Amino acid sequence: MYMEAEFLDRCRERGLDAAAIERASSVVRGFERRVAGAGRAGRPRSLADADLALVERQAARLVAEGSMDEAALTAIARYFAVIRREDAAIRFLAYLLPVGVLPAMAARLRSMEGDDAADRVLSGIGFPPVGSPPEAYPEATGRLVSALSRELGIERAERVLKCNVHGIPESAYAPERKRLAELGSIDAWLIDYHGRIVEELARHAADGTLWYEQAITDDVVDFVRYNQEIQGGVRVGGTIYVTKIPYDPARFLKSSDPLERRRLACHCPLAASSIRADGAGVPATWCSCSAGYTKYLFDVAFGEETEAEVVSSVLAGDPICRFAIRIPESALNDASYGVRSLASSGTGSA
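The opening residue of the sequence shown carries number 886 in our numbering; numbering runs sequentially from there.
Possibly wrong hints are sitting among the right ones.
Computed cross-link-like contacts, DMTMM-like style, restricted to lysine to aspartate or glutamate with a CA-CA straight-line distance of at most 25 Å [stated by the list, open to error]:
1. K1139 to E1098
2. K1063 to E1084
3. K1063 to E1192
4. K1063 to E1085
5. K1063 to D1077
6. K1063 to E1190
7. K1139 to E1020
For the record, the hints were derived by calculation from the structure and aren't laboratory data. Just so it is clear, the structure is predicted and the values come from calculations on it, not from any experiment.
Model the full structure from these sequences, guided by the hints.
And the structure:
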């Protein structure tokens, strides 16, 4: 197994115990044998040189056999990242991203609107099994959003969708609440937060490692550096505007085709492959889910739930995704945050 020691180290860094590390190693070894056995005589010898299409076919067979779960999928994606097979790492991370999202939304719908409404919305909608490619998700996602909107209306549907669907723990953003208190200014905190993200991106550009599932170049770093809304936020009165960094920022910056750029901008593996020139197969209401993800940082930083609005989205035909986060009244009225006198006048233009 190529770079086995490095893979085991990465598993330890991610907090896996001895049993989980052993299972992850076993998964990768077994998957490598499977891929090697399916290749032409003499090749591939390992996952390091296996054709990506062949790798995906073998992953699909594991799914069909019922042998793929989230832990196994994570192990495979992690191994590709460790051995610097960026094409495969990015692809299998895209397999991972939608895992659990639709079931979590279904559970939230049931808890907020009751069993009867949930049963009507979910009737006849099947969710792809774990390990399905991202292209398998838009049909189910589109049907869910359409049924949700019919049953509840757009406003209530958006309330269901605007949530921390990935279950990110509050502890992940707790340092930002502390940093905001230390700086004593929302504007200063937004500048500080954005600056730290730019520094992080610059490190990935320098060493060539992936930032989550994204390849980072110097051009990407500059793209983010000179727009504080991207991976940061800009306050205008009582609202913070946030622009999503494109999902594939390096290719996004190189492309001049509007449709391709919209597809490269979209972070959502449950919808991206449905994007068309005239819109998308998944209704733009689904972008409320992304609004929920985006606002969670601010929920934690301000210590209470914020309101978020989708200003623009690629599913709606816009070139980029942008969100408006309403600063809670408690923060606007807190003189220590330095915004009370500016709440109505703003500091810039939207």
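- Can you name, in rising order, the numbers of the hints this structure does not satisfy? none
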